[in-house]
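**Student:** Listed here are the chains, written in short residue letters.
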Amino acid sequence: MFNKKIHQYITAIFGYALITLSTTVFAETILIKNATIYDGNTNKPYEGNVLIDGKIIKKVSPNDMQGDFIIDASGKIVTPGFIATDTNIGIVEIGALSVTRDDSSEIYKIGFSIYDAFNPNSTLIPWNRSNGITSALTIPQNTASPIGGLGSFFVLDGELDITGEKDMVMTGRVGGSSNHSRSETYAVIDDLLSFAKSLNQKDLSKDADISEVIDNSTIAEFMELHPRDVRALFKLLNNDLPLVMKAHRASDLLKLVEIKKKYNLNLIIMGAQEANLVKDVIAKNDIPLIINPINNIPGSFDELASNIKMAGMLEKADIELMFTAPRSHNFHLIRQGAGVAVANGMSYETAIRGLSATPAKVFGLEKRGEIKQGNFADIIIWDADPLEPSSMPEYVFINGQSIDLTTRSSRLRDRYTSDPEKPNTYRN
Amino acid sequence: MTNLIKYLQLSILVFLCFNIELSAKPFESTYEPLPPINLLIQNANIYDGEGNEFQQTDLLIQDRKIIAIGKDLPVSDSFQVIDATGKWITPGIIDIHSHMGVYPAPGVSTSSDGNEATSPVTADVWAEHSMWVQDPQYTLALSGGVTAFHVLPGSANLIGGRGVTVKNLQRNTINSMKFPDAPHSLKMACGENPKRVYGNRQQAPSTRMGNIAGYRKAWIEAESYLNRLNEYESKSEDAKEMGYKPTRDLELDTLAGVLKGEILVHNHCYRADEMASMIDVAKEFGYKITAFHHGVEAYKIADLLADNGICGALWADWWGFKHEAYDMVQANIAIVDQARNGTGCAIVHSDDAIGIQHLNQEASKALAAGLRAGFEITKARAMNWITSNPAKAAGIYDQTGSLKVGKNADVVIWSKNPFSVYALAETVFIDGALAYDRATNFYPSSDFDVGIIKPSKNRTE
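Top line first, the protein sequences correspond to chains A and B. Everything in the first sequence is counted per our numbering, starting at 1 for the first residue and increasing by one. Everything in the second sequence is counted per our numbering, starting at 1 for the first residue and increasing by one.
Treat the hints loosely; a few may be bogus.
Unchecked claim - Subject to a maximum C-alpha distance of 20 Å in a straight line, what follows is the list of computed SDA-like cross-link-like pairs (lysine to any residue): (1) B:Lys322 to A:Ala96; (2) B:Lys87 to A:Asn344; (3) B:Lys322 to A:Leu412; (4) B:Lys454 to A:Ser251; (5) B:Lys416 to A:Asn344; (6) A:Lys309 to B:Thr139; (7) B:Lys322 to A:Arg408; (8) A:Lys309 to B:Asn458; (9) B:Lys322 to A:Thr123; (10) B:Lys454 to A:Met313; (11) B:Lys87 to B:Asp437; (12) A:Lys361 to A:Glu165; (13) B:Lys245 to B:Glu233; (14) B:Lys322 to A:Thr100; (15) A:Lys309 to B:Pro444; (16) A:Lys316 to B:Glu461; (17) A:Lys246 to B:Glu461; (18) A:Lys309 to B:Ile452.
Think of the hints as simulated: they come from the structure by calculation, not from any bench.
Using the sequences and the hints, build the whole thing.
**Tutor:** In structure tokens:
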């Protein structure tokens, strides 16, 4: 309610344009003053001021600056907007209702893209945004191929005119399965990547040519690949597309390192519940990890080494860490996970970085994830420590726009805590 | 000869009586606590689970009980002393909704024993007979300060069976973990799960109205069974000898236990309208619902819950995984707590082996949401949501759930204020015995953890 008022205040002063329109033609600047800034990179926090001009951070400085609209953030922590990796935000509305899920394909195995399914009006967006998530790497769920499925990057401004980057990661997974050996999975991955390596740009311009390539490949024919799948495989190897592989068991993590080396992949491992058993190899090969640090459950025989202290141990091994949470509806709980990681041995600064600058760097999200001059102004002003799950943002800026923090949830709350004299369906 | 026959008859009668007595209470708790220590915890900040906060206060534990709370309690040679300056003390945390043991880790089909999803009414099954005592998750919950938890069957069925409350002290038989004198519960489930499970098999229930009909049919049978039992019991001894005792029915035993008030109803139910209907079913058959579980829409009928003395066992923020869990409000727990001038009963539950380790953080989120919604709620009161209120709902409040003089010494020492994410449970006492100590790596481990990755080490070493 408080947030809404401030938003209305800003709206009243600047007009609606600030909230709804591109601010490139908008002259006024916003100055966030006297904040405790965690800028997302390796530095310790500092007291300073952030000047937002249009979509962009114009200046960050410990020195005083002038701004048209000033927000006093004394005693408040300011961070970059947090980035969700490994999420279904925008492509799932209700988990158990398949009609609201757009995260799988029965036709495409490798080149399946979720980009066109993204729904900027999903209720998951305002909810996660009001909890500090300003952009998301949305990925499909498993396909019929162990590598396959393309994820896209989305700025969570809720605009129907989507700001994002299409098909900028490929996903995959290996591990225990009730119907086949993981050895078979590795053979399929090796065959697919070997096929990918054999592809030439000139063979990929026409679908008819691709069909011929498929016919001449045992694995492509056996997997019933489509031209979209083949183009995606080519892109994986030739455009250095990040490959996010979900795997847990120590032996699987080592196997993935071998595959990375053999095919020179831009590999990121997700899950990695046993990473602490092979942390030196992961560090030596510069493989970033997306972990859920609150998960210490030996949930499968692939995850026996699950350990609440893992995040701290991996940090000490100099591994780049990002965070995931099991449910996209509350993906913002990566903050709680990061807080638990800090409680169990990770440094606070690395945890903040894992929520912001690390994913921006690892996934090449240009001008995101850090509060620095020239970056897009994705900025959160927190009411308290962002790693305390009880904290929430007071302000969220995405591309320099102040976001209305109203959610369907806050509306329902207000509906049942005000106007009790009215029949409930006649309230707000 | 006649005397012998009489003797035999008597013996048989005695045997039968004894037998009846035995069968009336099978599977009794054989719990034995760890060795007690007499302990003075000094200068701690305390949330007592009764809504009170005490700063820089001492707590005295003797012979497994809390015997004093106060400033500057006298030091004596017969007590160990812990200096808890800057630390916090709470009652042992209690989770009213757990599936540890019945859905143990690793989650594999061979030990996935939480849902007897073969018939919509399986009041005859008992969760304790599915619980795997070697589940490695119990000790993880202990590291989050959990000293007791209530394990329920799953929600596939309208009536899923009996739940059990256990001490969080891992042992190698389930009876030796059972909380002494804790009542059984009955798990019931509304909504999507039963109608999906059985509807997919083209059998009843396949709709919500089919669900309600299913409960009512079961209770009609239970009423009739209880009437037959009561009718038999009201007969003279002679008449009893002449007649037949009604044959025991495990399913109806459980339901009759609810109607007699001996078994507490814990009802999985998300939607407000369905909770209201379930209250009507309970009134029709004269039983009480102890708690609605999950209740994502409880805030919509918070007054109705308070008026009927029903607790809401709720999550701080889970939503969206099902349609009936779509209308999440983070202030749900606070709204239920504050209903009818603060007479509501709110519980933070986990239903999750990770969540159970951080119930203090879940309570912290729920409290913060309540404050943002404009309620005035203290941290000391919010502590009740994970201690005394679940103890009441599990029927063990006379023994535990708050730091009252005379109660079991189930006590957690936290490194910081437990409403912070950075607070760790440092030391946990169950019945005045040391059960967990973070600094010295003292904790139970399951057989599963032994040598499973490296033969010479335990799982997480």
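**Student:** So, for every hint listed, does it hold in this structure?
**Tutor:** For each hint, the structure was consulted:
1. B:Lys322 to A:Ala96: The given pair, whose Cα atoms are some 5 Å apart, holds under the 20 Å limit.
2. B:Lys87 to A:Asn344: holds (17 Å)
3. B:Lys322 to A:Leu412: holds (18 Å)
4. B:Lys454 to A:Ser251: holds (14 Å)
5. B:Lys416 to A:Asn344: Given that 20 Å is the threshold and the Cα spacing comes to 13 Å, the pair holds.
6. A:Lys309 to B:Thr139: holds (15 Å)
7. B:Lys322 to A:Arg408: Status holds; Cα separation ~16 Å.
8. A:Lys309 to B:Asn458: Answer holds: Lys309 (chain A) to Asn458 (chain B) is near 15 Å, not above 20 Å.
9. B:Lys322 to A:Thr123: Judged against 20 Å, a Cα distance of about 14 Å means the pair holds.
10. B:Lys454 to A:Met313: holds (18 Å)
11. B:Lys87 to B:Asp437: holds (14 Å)
12. A:Lys361 to A:Glu165: Since the Cα atoms of Lys361 (chain A) and Glu165 (chain A) sit roughly 15 Å apart, the hinted pair holds (cutoff 20 Å).
13. B:Lys245 to B:Glu233: holds (9 Å)
14. B:Lys322 to A:Thr100: holds (11 Å)
15. A:Lys309 to B:Pro444: holds (18 Å)
16. A:Lys316 to B:Glu461: Distance of about 17 Å is within 20 Å: holds.
17. A:Lys246 to B:Glu461: The given pair, whose Cα atoms are some 24 Å apart, is violated under the 20 Å limit.
18. A:Lys309 to B:Ile452: holds (19 Å)
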